[in-house]
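Engineer: Sequence:
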Amino acid sequence: MQDHDAPRGASAAPPDASHLFPAATPSAALLSGHDWTGSSLGPLPQWCPALRAAASWLASSPVPKWLAWGDELALVYNEAYARILGPKHPTALGASLRTVWAEAWPALEEPVTAALRGEGVYREDFQLQVHQGDTVSPAWFTFWYTPLHDEQGAVRGLLATVWETTDKVKAQQTLAAGNLKLEAERLAQQQEIAERYRLAALATNDAIWDWQLADGQVVWNPALARLFGHALEHTDAEWWLSHIHPDDRPRIETSIHAVIDGHETAWTGEYRFRCADGHYAHVFDRGSVLRDAQGRAVRMIGAMLDLSSRKAAEAALRYSEQQFKALFERIDEGFCIIEFLDGPHGPMSDYVHVLANPAYLANAGIANVVGQKVRDMVPDEADAWVDIYRRVLVTGEPVRFERELVKTARYLELAAFRVEPPELRQVAVLFQDVTARHRAEMALRELNDTLERRVAAEVAERLRTEEALRQSQKMEAVGQLTGGIAHDFNNMLAVVLSSLDLLDRKFLADDPRARRFVDAARNGARRAAQLTQRLLAFARQQPLKPEPLDVNKLVAGMSDLLRHSLGGGVQLETVLAGGLWRTHIDPNQLESAILNLAVNARDAMPEAGEGRLTIETANCHLNERYAAGHPGVQAGQYVMVAVTDTGTGMPPDVVAKAFEPFFTTKEVGRGTGLGLSQVYGFVRQSGGHAKIYSEPGHGTTVKLYMPRLMGDVVVVEDVEQAPAGLHGDGQELILVVEDEPSMRALSVESLQELGYRVLEADGAATALRLLEAHAGIALLFTDVVMPGMNGRKLADEACRRRPGLKVLFTTGYTRNAVVHNGVLDAGVHLIGKPFTLDELASRVREVLDAV
439 MQDHDAPRGA SAAPPDASHL FPAATPSAAL LSGHDWTGSS LGPLPQWCPA LRAAASWLAS
499 SPVPKWLAWG DELALVYNEA YARILGPKHP TALGASLRTV WAEAWPALEE PVTAALRGEG
559 VYREDFQLQV HQGDTVSPAW FTFWYTPLHD EQGAVRGLLA TVWETTDKVK AQQTLAAGNL
619 KLEAERLAQQ QEIAERYRLA ALATNDAIWD WQLADGQVVW NPALARLFGH ALEHTDAEWW
679 LSHIHPDDRP RIETSIHAVI DGHETAWTGE YRFRCADGHY AHVFDRGSVL RDAQGRAVRM
739 IGAMLDLSSR KAAEAALRYS EQQFKALFER IDEGFCIIEF LDGPHGPMSD YVHVLANPAY
799 LANAGIANVV GQKVRDMVPD EADAWVDIYR RVLVTGEPVR FERELVKTAR YLELAAFRVE
859 PPELRQVAVL FQDVTARHRA EMALRELNDT LERRVAAEVA ERLRTEEALR QSQKMEAVGQ
919 LTGGIAHDFN NMLAVVLSSL DLLDRKFLAD DPRARRFVDA ARNGARRAAQ LTQRLLAFAR
979 QQPLKPEPLD VNKLVAGMSD LLRHSLGGGV QLETVLAGGL WRTHIDPNQL ESAILNLAVN
1039 ARDAMPEAGE GRLTIETANC HLNERYAAGH PGVQAGQYVM VAVTDTGTGM PPDVVAKAFE
1099 PFFTTKEVGR GTGLGLSQVY GFVRQSGGHA KIYSEPGHGT TVKLYMPRLM GDVVVVEDVE
1159 QAPAGLHGDG QELILVVEDE PSMRALSVES LQELGYRVLE ADGAATALRL LEAHAGIALL
1219 FTDVVMPGMN GRKLADEACR RRPGLKVLFT TGYTRNAVVH NGVLDAGVHL IGKPFTLDEL
1279 ASRVREVLDA V
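Here this note's numbering runs 438 ahead of the position in the sequence shown, where the first position is 1.
Don't read these hints as lab results, they were simulated from the structure.
All the pointers check out, no bait thrown in.
With a cut-off of at most 25 angstroms between alpha-carbon atoms, the simulated SDA-like pairs for lysine to any residue come out as follows:
id	residue 1	residue 2
1	Lys763	Arg748
2	Lys526	Lys606
3	Lys749	Leu679
4	Lys991	Ile1130
5	Lys608	Ala518
6	Lys811	Glu861
7	Lys1095	Asn1034
8	Lys749	His717
9	Lys1231	Val1196
10	Lys1231	Thr1204
11	Lys763	Val792
12	Lys845	Leu799
13	Lys991	Gly1006
14	Lys1244	Pro1225
15	Lys1129	Gln1009
16	Lys811	Phe766
17	Lys1129	Lys1141
18	Lys991	Lys1129
19	Lys1141	Glu985
20	Lys1244	Val1223
21	Lys1141	Ala1080
22	Lys845	Ile769
23	Lys983	Leu1246
In this text, all values refer to a predicted model and were calculated from it rather than measured experimentally.
Take these sequences, add in the hints, and give me the full structure.
Structural biologist: Structure (structure tokens):
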């Protein structure tokens, strides 16, 4: 709407505008004398013709009138309306209608807006809240609103004719209140008369009795026969009393005589009355005493109301309520009744739970819902729930549906119906939690949607698992083979080393040249023994001595050894994790494994001095998915050591064979191919896992995963070994048990050379007989792997017969007889084959001297 108002002025005094109003009225003086320059209307001479005409018309009217003009609805009014404004005058002149009547604007806005749309508006006795002094109070007005148009015909304002009708309305209200009071009194009288007639009508359906107190005769109406089966018109009072139940009779007789003998006129009582067929009917009896002029009771008239039907109905209702309560409390489904409320969002925009059974919590996951409003319980979901149940309430049509209760992540199956009558504004809801079924359906739907992709992934995963299993089985088979070879090889090396030691000790003391040849042969045998130890390590059959270990300390302590082994051309870095878990492992073997990996990494890096080797520790968790793809790996927590180089890397086919014994990519003479296989066997024997990550041209990382130590482990301190070369005193007797003749002969010879008396046996049976025959045997020196009864079982039986007997085992291959899960059994002494004469002397002395 364009603004045709004149511009605002700021002159100090209003210009003479008396000629604008033809009549010299108080209103003309009021308007012409006001300074309009500060209002949105501007000075009077600049008002548009339409505005001046309207102002002139209201100025000449004795009736209260006002007009509002322009976008701000600037107010112009006459002297009569100023009296209505009261203290708001004269500041209201030129002010915005919205501001002047701010307290009443919510009610005025609608009719004003209608007039500005070009509509004529009439309101009679329209109530407004207006300021009167310091308070806001109601007032009533009758007014016409007429649109005001400018010269172009556009609505620019409105003209109002106003009468305040507050006094009239209040007088009408007072009159109406008086009329209501009179009407209420008239209705009360009518109700009293109607009640008397109603009671009289009811009495005709009751057993009416008329008791003449002088002679005790009672007259009955026909209802006595109809209700109770007694076809009698006349009885005496004793007949009536005799038909009252014995348990009720004393109470009724006492109460009715108290009324008769006293000064009261009304009596009531409830009792059981015997019918003609013998059963008792529940009766409510009431009577009135008629007295003579002296106040003596002469007559009593009353009526007996049969309560049997009502009592039966009450009993049936109680039974029904009990059934409902039992059903309400015991059903598995949730049940509630909700009642709609008018809320801030509009009529019936909220509801409150007025009833809920115990299963509500089990199904919906929300407790104590009675008294809770849905917009307080689930504010983000309330609109949707209100819409559903409000439709049920309005239409009366039941509904069944499924919906998620997002707050508790429950998916519910619901049924709702209206509780009659509709005026209750209640809806009953029965529901159950179908989250499991819904998830199963969704999972099935997803499974069907992605079946082909899942089948392909499952087949690929199965192929990977089968390949990993084949590789694991191959490594296991190779391990068993190498373990058996190592056992036989150890036995042969034991014969060679023992023979060389005895030859050197007995016959070569004065022949340096021959001793050089023996030393060379002995060094070769020792290197062969180291080779067999690596084979046993791969086969996971070497005896281990695990202990609780801080891997960070072990790696840090190896720094000098590693730098010396790597040389100056390789830069060594260590990245040690804070808070590293402990593991339970053989520290010497782990140190050997890390050193082995470091040397292999050095050999894979160029010799230009730019190589870098990184040793890193970390806490790791191998999950079920990882374990499923790597047979033999247990899911759980591990301590990880990673050795990473910047070398040439390996292609996938080489990585797949890297842990196999005798496999090497080095040129002839630079390696045996047993280094990585020894590391692999040691880690697996320790319950861990080894994994190689490599890519040609980008280096290699070997990760060793060792199980986290979860509990406290008792550390068995090593008994200090006796110095090598200690001999016997010529009196100590040792029983040697060995099934291999050459090894047995050399063992006997070696022990005799060391100063011990020796008995020998080729098996367990012979040994037990010698043990029984010679009480002086101080030590049982037995091989572990023998035909029939092995060395461990022989030792157990010998100790059973001779408690306190010392035992020393020897073997080249344990086969779990004295070593389990790679750990030497507690209290077991073992010397592995092959051994030197000095090692044998030291170990025998240590066992014999042990407490």
